[in-house]
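Visitor: Got chain A sorted already, so can you dock chain B onto it with the hints?
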Amino acid sequence: MKRELPLFITAITGIIIIINFIFPELTKGITETLRDWTITIASFAIILGILNLIIVNLRKSLEPITHLEDRIFSLMIILSLVITTIIGLVYGIKANIQNLLIFKINDNYIFPLIEMEFIKKDMNLFTGIIFNSVYTPLNSATFSLLAFFIASAAYRAFRAKNFEALILLLSAAIIMLGRVPVGDYLFSIFGIKISLIADYIISVLNAAAQRAILIAIGIGTIIISLKLLFGVEKSHIGKSE
Amino acid sequence: MLRSIINLLKKITRRTIFFIVALVLALSIIFSNIGYIQKINLYILSKSISWTSIKAYEYIENLPEGSVVLLSADYAPSTKIENDPVVQGFLTQAFRKNLKVIAISLWPDGAVLLENNIRTVALKMNKKEDEDFVIGGYVVGGAVAVEKMGINLKNAIPLLKNSNAPFLSNIRNAKDLKLAFCVAAGDTLQYYIRILGSRYGVPVAGGCTAVMAAEMYPYIMSNQLIGLFPGLKGACDYQLLELKDQIDPNNVPESVRNMFPQSIIHLLIVIFIIIANLIYFYERYEIKRNLKR
Numbered sequence: 207m208k209r210e211l212p213l214f215i216t217a218i219t220g221i222i223i224i225i226n227f228i229f230p231e232l233t234k235g236i237t238e239t240l241r242d243w244t245i246t247i248a249s250f251a252i253i254l255g256i257l258n259l260i261i262v263n264l265r266k267s268l269e270p271i272t273h274l275e276d277r278i279f280s281l282m283i284i285l286s287l288v289i290t291t292i293i294g295l296v297y298g299i300k301a302n303i304q305n306l307l308i309f310k311i312n313d314n315y316i317f318p319l320i321e322m323e324f325i326k327k328d329m330n331l332f333t334g335i336i337f338n339s340v341y342t343p344l345n346s347a348t349f350s351l352l353a354f355f356i357a358s359a360a361y362r363a364f365r366a367k368n369f370e371a372l373i374l375l376l377s378a379a380i381i382m383l384g385r386v387p388v389g390d391y392l393f394s395i396f397g398i399k400i401s402l403i404a405d406y407i408i409s410v411l412n413a414a415a416q417r418a419i420l421i422a423i424g425i426g427t428i429i430i431s432l433k434l435l436f437g438v439e440k441s442h443i444g445k446s447e
Numbered sequence: 058m059l060r061s062i063i064n065l066l067k068k069i070t071r072r073t074i075f076f077i078v079a080l081v082l083a084l085s086i087i088f089s090n091i092g093y094i095q096k097i098n099l100y101i102l103s104k105s106i107s108w109t110s111i112k113a114y115e116y117i118e119n120l121p122e123g124s125v126v127l128l129s130a131d132y133a134p135s136t137k138i139e140n141d142p143v144v145q146g147f148l149t150q151a152f153r154k155n156l157k158v159i160a161i162s163l164w165p166d167g168a169v170l171l172e173n174n175i176r177t178v179a180l181k182m183n184k185k186e187d188e189d190f191v192i193g194g195y196v197v198g199g200a201v202a203v204e205k206m207g208i209n210l211k212n213a214i215p216l217l218k219n220s221n222a223p224f225l226s227n228i229r230n231a232k233d234l235k236l237a238f239c240v241a242a243g244d245t246l247q248y249y250i251r252i253l254g255s256r257y258g259v260p261v262a263g264g265c266t267a268v269m270a271a272e273m274y275p276y277i278m279s280n281q282l283i284g285l286f287p288g289l290k291g292a293c294d295y296q297l298l299e300l301k302d303q304i305d306p307n308n309v310p311e312s313v314r315n316m317f318p319q320s321i322i323h324l325l326i327v328i329f330i331i332i333a334n335l336i337y338f339y340e341r342y343e344i345k346r347n348l349k350r
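Chains A and B supply the protein sequences, listed in that same order.
Residue numbers for the first sequence follow our numbering, so the first one is 207 and each next one is one higher.
Residue numbers for the second sequence follow our numbering, so the first one is 58 and each next one is one higher.
Chain A with its partners taken away, still in its complex shape (with noise of 0.2 Å):
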């Protein structure tokens, strides 16, 4: 009965959705039913992931056997929480423009001047400071981060060992170049066009590559989404026994 209420509950459920899918009015109430339990149920995954988050870091920084360090950045992790979610319940996260003095590099010269100015900018504690100043920079340098591991990753793995190793080479050559101002001036001295061949490789032979992953794919959710109806699939109820 363990194994067996929630696969009824999951054959139910998805053959209630596919009938929508035909017969949208049968099943509109009860369909809107689901789809407000399933966004209920996601709202709880956050609670779970906060709890998780807050049991870790604590038990982390709490074992005498981790490394200082350690223990000092998950009392970091937890003290972040715990602010940014007091001062998003008491101030709200409502954007409040202001003015504000910022830097702004002068573009009228050839090598930039810093000058100051006035400018209406957000400023709000939650927005202002831990949006704009905390997260929003320390978010945009780990994304950054990108940039130095794909030219270190290119230069160590993209080698022409074989043929299809050279087309891939070749076509993330011209993709790189073609996407940029800087390729177009550098082939124009060839009289060639690189972002229009980077465009047909994008658009026709790449577009063609996709659609086929995509039925893949499509294919695949289907035989999925039965195996799941008919109870042949059991991963989402826990291990198998």
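Where hints are given, some of them may not hold.
[Said to hold, decoys possible] Listed below are the simulated DSS-like cross-link pairs for lysine-lysine, each with C-alpha atoms no more than 27 Å apart in a straight line:
no.: 1; chain 1: B; residue 1: Lys184; chain 2: B; residue 2: Lys235
no.: 2; chain 1: B; residue 1: Lys67; chain 2: A; residue 2: Lys367
no.: 3; chain 1: B; residue 1: Lys96; chain 2: A; residue 2: Lys399
no.: 4; chain 1: B; residue 1: Lys104; chain 2: B; residue 2: Lys301
no.: 5; chain 1: A; residue 1: Lys234; chain 2: B; residue 2: Lys68
no.: 6; chain 1: A; residue 1: Lys367; chain 2: B; residue 2: Lys68
no.: 7; chain 1: B; residue 1: Lys211; chain 2: A; residue 2: Lys234
no.: 8; chain 1: A; residue 1: Lys367; chain 2: B; residue 2: Lys345
no.: 9; chain 1: B; residue 1: Lys181; chain 2: B; residue 2: Lys235
no.: 10; chain 1: B; residue 1: Lys185; chain 2: B; residue 2: Lys211
no.: 11; chain 1: A; residue 1: Lys399; chain 2: B; residue 2: Lys112
[Said to hold, decoys possible] Pairwise CB distance ranges (calculated):
no.: 12; chain 1: B; residue 1: Arg72; chain 2: A; residue 2: Glu210; range: 25 to 33 Å
no.: 13; chain 1: B; residue 1: Val197; chain 2: A; residue 2: Ile218; range: 21 to 29 Å
no.: 14; chain 1: A; residue 1: Ile395; chain 2: B; residue 2: Pro306; range: 19 to 27 Å
[Claimed, not checked] Residues of chain A placed beyond 12 Å of chain B at every Cβ, according to the derived structure:
no.: 15; residue: Ile252
no.: 16; residue: Leu376
no.: 17; residue: Ala379
no.: 18; residue: Ser394
no.: 19; residue: Ile428
no.: 20; residue: Lys440
Rather than coming from a laboratory, the hints here were simulated on the basis of the structure.
Think of the CB as a built atom: it goes at the ideal place given N, C-alpha and C, for glycine as much as any other residue.
Guide: Here is chain B on its own, set in the frame of chain A:
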């Protein structure tokens, strides 16, 4: 001579690559402010606007005045540089065309970024909340929320229930929208295409990050996606299409200026690939030569 150069290149470690990338990036960011570079960038970019960008822009341009459109800004600060100019470009075009905008985000971070953008553009263009636009904030549920929009828009976007915007009185569900414009850094653009576009017949256009662009082309070719502003290039396209002759060549939009560091880093990666292959082929040549001996 060649051998000594190759031996020198072989000594390039990960640290050296990181240092070169950091140095080149820093210099290119500084030099992107030089007027001559800005002018060249602007000239080349204005001559190579993507057909996907033109298609989306023209579709929005031909929408009748007063049409209600949905803007979904689903991205985080990490892709702000690529996505923000597309949102700003769309808002500028929509407000100029007197379109009524319902602005939402399926990502919590996106809601704050969207609100900053919409208030800044509205302030510049003298547009009022609840008259020309409404802010629906963060909409919970992802694909399920998009599905709900097809049945009842106000149930899917709870903040709309508090709005007194007159243009909302005729809007019951997504079918009443003239366009869904999604700027995404994740799967959400595909939700709009697959659910609102294919199932409810709502025209869908949008913008996305450069890494996502390749996945979107099959949808454009099948007209499920009207047009696309992909990556920073798409952002530049939108700014150039919308601002046209208003751009001062000595003070180009930020997205156009940011194209210079991106150009240089792309070029650097291609140079790294060439160097790596030179070393590889030289080593292979040496092995073959030694075997012959």
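Visitor: Does each hint hold? Answer for all of them.
Guide: Against the structure, the hints come out as follows:
1. B:Lys184 <-> B:Lys235: holds, 20 Å
2. B:Lys67 <-> A:Lys367: holds, 18 Å
3. B:Lys96 <-> A:Lys399: holds, 19 Å
4. B:Lys104 <-> B:Lys301: Within the cut-off at roughly 12 Å; holds.
5. A:Lys234 <-> B:Lys68: Measuring from Cα to Cα gives roughly 67 Å; hence the hint is violated.
6. A:Lys367 <-> B:Lys68: holds, 21 Å
7. B:Lys211 <-> A:Lys234: Between lysine 211 of chain B and lysine 234 of chain A the Cα gap is close to 16 Å, so the pair holds against 27 Å.
8. A:Lys367 <-> B:Lys345: With a Cα-Cα distance of about 15 Å, the restraint between lysine 367 of chain A and lysine 345 of chain B holds, given a limit of 27 Å.
9. B:Lys181 <-> B:Lys235: holds, 25 Å
10. B:Lys185 <-> B:Lys211: Holds - the C-alpha atoms of lysine 211 of chain B and lysine 185 of chain B are around 20 Å apart, at most 27 Å.
11. A:Lys399 <-> B:Lys112: The given pair, whose Cα atoms are some 21 Å apart, holds under the 27 Å limit.
12. B:Arg72 <-> A:Glu210: 25 to 33 Å: At roughly 58 Å between Cβ atoms, glutamate 210 of chain A and arginine 72 of chain B fall outside 25 to 33 Å, so the hint is violated.
13. B:Val197 <-> A:Ile218: 21 to 29 Å: About 25 Å separates the Cβ atoms of valine 197 of chain B and isoleucine 218 of chain A, which means 21 to 29 Å holds.
14. A:Ile395 <-> B:Pro306: 19 to 27 Å: This hint holds: roughly 23 Å between Cβ atoms.
15. Ile252: violated, 9 Å
16. Leu376: violated, 10 Å
17. Ala379: Alanine 379 of chain A is in fact no farther than 12 Å from some Cβ atom of chain B, at 5 Å.
18. Ser394: violated, 9 Å
19. Ile428: Correct as stated: the minimum Cβ-Cβ distance to chain B is 14 Å, above 12 Å.
20. Lys440: holds, 24 Å
Hint compliance for this structure: hints 5, 12, 15, 16, 17 and 18 are broken, all remaining hints hold.
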